[in-house]
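So the sequences go chain by chain: H and F. With the first letter of the first sequence counted as 1, position 250 gets the number 250 in my numbering; the numbers rise by one all the way through. Count along the second sequence starting at 1, add 1000, and that's the number in my numbering.
Please keep in mind that the hints were generated in silico from the structure rather than gathered at the bench. No experiment lies behind these values; they were computed from the predicted model shown. Yeah, the Cβ is synthetic: ideal placement off N, Cα and C, and Gly gets one too. Each hint should be verified, as a subset may be incorrect.
[Said to hold, decoys possible] Listed below are several chain H residues computed to face chain F (Cβ distance under 7 angstroms; list not exhaustive):
id : residue
1  : T114
2  : I124
3  : M147
4  : A207
Number of protein chains: 2
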Amino acid sequence: MPPIPIALGPTQERQLVDAIERGSGVLADIDAARGLVWATGPDGFPDPLPPGVEWVQLYAAGVEEFFTTGIIGRNPKVQFTSAAGAFANTVAEHTLALLLAGVRYLPEQILATTWRQPEFFPHIGTLRNSTVAIIGAGGIGRALIPMLAAVGAHVLAVSRSGRPVPGAVETLPVIRLDEVWARTDHVVIAAPATPATKHIVGADELAQLKPTSWLINIARGSLVDTDALVKALQNNIIGGAGLDVTEPEPLPDDHPLWSLPNAIVTPHLSNPPQRRVEAFAERVSANVARFAAGNELLSKVDPVSGY
Amino acid sequence: MPPIPIALGPTQERQLVDAIERGSGVLADIDAARGLVWATGPDGFPDPLPPGVEWVQLYAAGVEEFFTTGIIGRNPKVQFTSAAGAFANTVAEHTLALLLAGVRYLPEQILATTWRQPEFFPHIGTLRNSTVAIIGAGGIGRALIPMLAAVGAHVLAVSRSGRPVPGAVETLPVIRLDEVWARTDHVVIAAPATPATKHIVGADELAQLKPTSWLINIARGSLVDTDALVKALQNNIIGGAGLDVTEPEPLPDDHPLWSLPNAIVTPHLSNPPQRRVEAFAERVSANVARFAAGNELLSKVDPVSGY
């Protein structure tokens, strides 16, 4: 079988050319191509596409701009795919870093300027044999599960359907979310921001956690009631919080979260720009291989639902 | 088969009674016991042991005091076992916490009091597809390997013999240690302190690492030349260092490591007291089960070599 002709734009980045070839594609001019890998936003997109192009791989996880600019609407015979899920591993790694830093009491130790061993000893926790609830079983939640399993934690997953998530000890449907707080040691928020998920973590939920519990939010700030969280941290209701996202965002300079020693704020960088190209390259080679083999593509964009 | 009678001293801690029973033993008086679980140092040890006692499980990983007090020498027919290796998981977890905190640039973010996203972005690394050299393939090194594999890192193990270590991409014998520095992204020191391992990491070795490399030491301070490390950190020769052990120890208050933002010092607490009982309990039930089944015991003390 000859390699499948794939166009790449707007530039011919070496890493992506390699990825196309790894997926058993070959770089081609757009007019001779059956697929297009488009590694940026809508500006300069070849619209309308030549009739030979059956598939377009887009760069972002969220492709709203390709709807609002009409590009997807004007090319109804083309299957678009997004990069949704391609960045899950780096976000999951950041999540694990925040959770471990909290459980092993690193913030106070990073701030210390003297040997405070006896004082710190009792605060050193472990994820081993602990329960970690992951709210949201999408790409990030699923990527995190084997990382937590490797350090001996048990995962309680919460998903819309409650269908068993591989690697989780138990999966609850979101309608049973109320049960989670009293049953877990730590909580990871990895669910999308929707009207239904706004402030799903508030004062009542935090009160049911343990004084040693860490809350990690790497999803969106709106899922956590920030004022309630600040109070819980100030009163040591929970052990701490690791937040890659906040509400509001950016977090203003005078916000109490900056000075709380049991809060770690990382400024929305769990998926940093320099990691994206390599993660996107992995996705490109996977989808080129699937396209070449006639298999189901990853992260197909649905023109009706709009994502 | 009736449960095997095991004595427990000096106190009857519930967690250890349970552990004995989980290993299919039953708590017995010392005079009726075939084994003894001794959960503290030499003070008050039942010496000499009644003739029925064939095996003693000691609490510590290092059992020098039981040699120097003559207890092991006066009971030559008794097999002593130590807790060596029982604490490997918690130390490995701490190691992963330090390495991830470094690679994800958490220290600077914990110190920040304002939203510095563009400045921090380029510093966010990943363990995914990175190489981590583990110097020393004992219990801790081996416990760390699956944790690193779960975040997508490749392990280059260094052991005395160079025999392949399970889960490592490659294992080098210690005589080839020189090759490691230029070939790895990060280094974990997990080897015992001996005259041969003193200052195995010095200026020459640090110079061969990358400006993004993290050095983690959870073994003993003497393995790293602290002055050379401080210079390397001050000049950004490497990315940073996570140190649970230092030389000297405790680290004096005026030491430059306390104020370097690319150094994380945790005061020798990777194996905190409150974690030891549960880890010891795991070892007790494993060894009681082995003793009952007539299998090889874990961490047998050799009266000749003295450990």
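Consistency of the hints with the structure:
1. Taken as an interface hint, T114 (chain H) checks out: its beta carbon lies about 5 angstroms from the nearest beta carbon of chain F, inside 7 angstroms.
2. Below 7 angstroms, beta-carbon pairs count as interface contacts, and I124 (chain H) has one with chain F at about 4 angstroms; its hint therefore holds.
3. Hint status for M147 (chain H): holds, given a least beta-carbon distance of 5 angstroms to chain F, under 7 angstroms.
4. The beta carbon of A207 (chain H) comes no nearer than 25 angstroms to any beta carbon in chain F, farther than 7 angstroms, and the hint placing it at the interface is violated.
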